Amino acid sequence: MANKTAKKEHKISAFSIVNGIIFILICLFILVPIYKVVIDSLDLHTTYGMRLWPEKFGLAGYKSVFSNPTLYRPLFVSLITTISGTALGLLLCTLGGYVLIQWDMPGRNFLAGLLLFTMIFEGGMIPTYLVVNKMHLTNNLLSVIFIPAISIYNLVLMRNFFEGIPQALFEAAEIDGCSPMQIFYKIVLPLSKAALASIGLMFAVTYWNDYTNFKIYITNADLYNFQMKLRSLIMGSDLPTALSGASENTVKNAAVMVAIIPFMIIYPFCQKYFITGINMGAVKE
Amino acid sequence: MSKSKTAAGAPKKSWSDTKSKIYKYRGFYLMFLPVLIFTILFHYLPMFGIGYAFTEYHGINKPEFVGLENFRKMFAAPGFWTAFWNTLKLSIVKLILNTGAAVLISLLLNEIKNTAFKKTTQTIIYLPHFMSWVVTASVFTLILSPSGEGLVNSLLVNLGVVQKGSEIYFMGSKKWWTPIFYIVNVWKDTGWGTIIFLATLSSISPELYEAATMDGAGRWNKMRYITLPALSNTIVTVLILNLAKVMNLFESVFVMQNDAVIKQSDVLQTYIYTQTFNSGALPNYGYTTAVGIVKSLVGCVLVLVCNHLSKKTRGRGIV
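Protein chains in written order, with this note's numbering: chain A, 22 to 306; chain B, 69 to 387.
Because the hints were derived from the structure by calculation, they are not lab data.
The structure presented is a predicted model; accordingly, all values stated were derived computationally and were not measured.
Note that the Cβ used here is the ideal one computed from N, Cα and C, for glycine as well.
Worth double-checking, as some hints may not be accurate.
Under the rule of at most 25 Å between Cα atoms (straight-line distance), these lysine-lysine pairs were calculated in the DSS-like manner [unchecked claim]: (1) B:LYS181 - A:LYS293; (2) B:LYS232 - B:LYS242; (3) A:LYS207 - B:LYS89; (4) A:LYS155 - B:LYS130; (5) B:LYS187 - A:LYS293; (6) B:LYS242 - B:LYS157; (7) B:LYS157 - B:LYS141; (8) B:LYS331 - B:LYS242; (9) B:LYS186 - A:LYS293; (10) B:LYS243 - B:LYS157; (11) A:LYS214 - A:LYS293; (12) B:LYS162 - B:LYS243; (13) A:LYS207 - B:LYS92; (14) B:LYS380 - B:LYS313; (15) B:LYS243 - B:LYS331; (16) B:LYS290 - B:LYS181; (17) B:LYS187 - B:LYS290; (18) B:LYS141 - B:LYS130.
Partial list, derived from the structure: chain B residues whose beta carbon lies under 7 Å from chain A [said to hold, decoys possible]: (19) HIS111; (20) LEU113; (21) SER200; (22) SER206; (23) ILE263.
Let the hints inform the model, and build the full structure from the sequences given.
Printed below as a string of structure tokens:
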């Protein structure tokens, strides 16, 4: 008996070790490409090859990126669209989600159906482009702010969250004479901080990473966001002049890093909100 | 709640009742207005734009009605069919690989007892999901580069697999592009995909495992008879939800493709984009709208089929 137990423990620890090794390999698979970009952006030697540590350490790559005034503008555009888009997206989601939990409201089902139908059928890229073009919103940042803001998926997530708020709270507020708008910002919004944080972050990531909408609606290079700029940089069409010995590749790697860094900084603090968000949508029974 | 009961209990709703209710909810209609405006502008107006599919329209002339000419042209174009089959192939294989890998990783992750190690691993594997496709494509273009700087090619040269001077241009190789596309997708989204499976796993009652241990079940049997059945519902859900989105494949392909691998990589959305904005000639919006309609219709059928499957397997629809 004792022998058997010992054997079993041994087996478990062997499994754990193998499992641990598997995960170290998985993490390496994820991290090595990113790590390679980090060190190559800091290496002033012209060829990197397999090196896993900078041979000639230096910040000239980053200096070349930041000495280039044409890169400030795209960063600024990214910042503007991300902030205003996230705010607008949250506004639409919360308003829509709040109205959709008014089960007794005449026409509620019709309005819900109107929104949900857009998840099934869509006009497509070109008719949308033609509509935006008719409204004279091409080459206008409003187009790339407006279009991702009306996300029916996020709106439904928000509604799912609102549904969890006890009905009694609404009724009590109503008796106290609160208007729908007052209930909305005095009760619903303060109780939904977690949902606002996670859906807000989802919006922010969408806007910061947006490339498709810029590619379709924006042709004026003055209005490019950082993703567009990075793309043309990597494709080699407009590399900033390399400074003091930084090779072309160092500059490219440094530019990729500039796109990742803001996110890397906030990510560890926000991870739990992202996970709340995805579970809110998917595991709801 | 009580209000709806009275409404249901009444034999018929009179118009004046409804009117007073509409009056009572007037504030809500007002709050819905912005949502309605945005939905109409960016979802419904484009839907009415599908009429362009039956016209020849270059943006400068008046749309000229041509009947089904655009569809005839489309079905005769080899480029359309390449894009059509590529869309289905790339997104379905990608979906199966990503989901399979995510299930496997969550099962293994669930076995890790050391909390700190588990947390760190999770943080790392979620990371690539937040990198944009532009950044992802840039990272892989750099490490797969055929020049001396590319990590993978230098590794292959050092191992003697590849001769120096004949390095592989992975992103531009007909043979390599598709596998690379799948690998990059697994790299980017598998970790994120595990979240939903981990949530399901953590909801399995530990008592079940304890009881199984008492009955002498080993690790394998516990997985076979407890864990996998519990996960199967979630796996079906994830597959169904994502199957509905397969026709929308765009950005990931767009940033990874190049002229050398158009046949391997072109999908409907990239076909529409290049035909409209990159064709060099004056675009025929009518033609690309028609391609878009075929794309949307196939997508719509997929959603409805998935919705039906979803209702059957888990008792509620996806929309």
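How the hints compare with the structure:
A distance of roughly 20 Å separates the Cα atoms of LYS181 of chain B and LYS293 of chain A; the hinted pair therefore holds under the 25 Å criterion. For the suggested pair LYS232 of chain B and LYS242 of chain B, the alpha carbons sit about 21 Å apart, so the restraint of at most 25 Å is met. Simply put, LYS207 of chain A and LYS89 of chain B have alpha-carbon atoms about 23 Å apart, close enough for the 25 Å limit, and the pair holds. At roughly 14 Å between alpha-carbon atoms, LYS155 of chain A and LYS130 of chain B fall within 25 Å of each other, so this suggested pair holds.
Of the supplied pair hints, the one linking LYS187 of chain B and LYS293 of chain A holds, its CA atoms being roughly 11 Å apart against a limit of 25 Å. For a cut-off of 25 Å, the pair hint linking LYS242 of chain B to LYS157 of chain B stands: about 16 Å separates their Cα positions. A hinted pair counts as satisfied when its Cα atoms are at most 25 Å apart, and LYS157 of chain B with LYS141 of chain B qualifies at roughly 23 Å. Our distance criterion of 25 Å between C-alpha atoms is met by LYS331 of chain B and LYS242 of chain B, whose separation comes to about 8 Å.
Between LYS186 of chain B and LYS293 of chain A the CA atoms are separated by roughly 14 Å; this keeps the pair inside 25 Å, and the hint holds. Proximity of LYS243 of chain B to LYS157 of chain B is assessed by CA-CA distance (about 15 Å); at most 25 Å being required, the pair is judged to hold. A threshold of 25 Å between alpha carbons decides the hint, and for LYS214 of chain A with LYS293 of chain A the separation of about 13 Å falls inside it, so the pair holds. About 17 Å separates the Cα atoms of LYS162 of chain B and LYS243 of chain B, which keeps this hinted pair within 25 Å; it holds.
Simply put, LYS207 of chain A and LYS92 of chain B have alpha-carbon atoms about 19 Å apart, close enough for the 25 Å limit, and the pair holds. The straight-line distance between the Cα atoms of LYS380 of chain B and LYS313 of chain B is roughly 19 Å, inside the 25 Å bound, and the hint therefore holds. As the CA atoms of LYS243 of chain B and LYS331 of chain B are separated by approximately 11 Å, the hinted pair is consistent with the 25 Å bound. Annotation: proposed proximity of LYS290 of chain B to LYS181 of chain B holds, straight-line Cα distance about 17 Å (limit 25 Å).
Note on LYS187 of chain B and LYS290 of chain B: the hinted pairing holds, with a Cα-Cα distance of about 24 Å set against a maximum of 25 Å. At roughly 21 Å between alpha-carbon atoms, LYS141 of chain B and LYS130 of chain B fall within 25 Å of each other, so this suggested pair holds. Interface restraint check: HIS111 of chain B against chain A, minimum CB-CB distance 4 Å, threshold 7 Å, status holds. Using the Cβ-Cβ criterion of 7 Å, the hint placing LEU113 of chain B at the interface with chain A is satisfied: the shortest such distance is roughly 5 Å.
Taken as an interface hint, SER200 of chain B checks out: its beta carbon lies about 3 Å from the nearest beta carbon of chain A, inside 7 Å. Interface restraint check for SER206 of chain B: the shortest CB-CB distance to chain A comes to about 4 Å, inside 7 Å, so the restraint holds. Checking ILE263 of chain B against chain A by beta carbon gives a least distance of about 5 Å; that is within 7 Å, so the hint holds.
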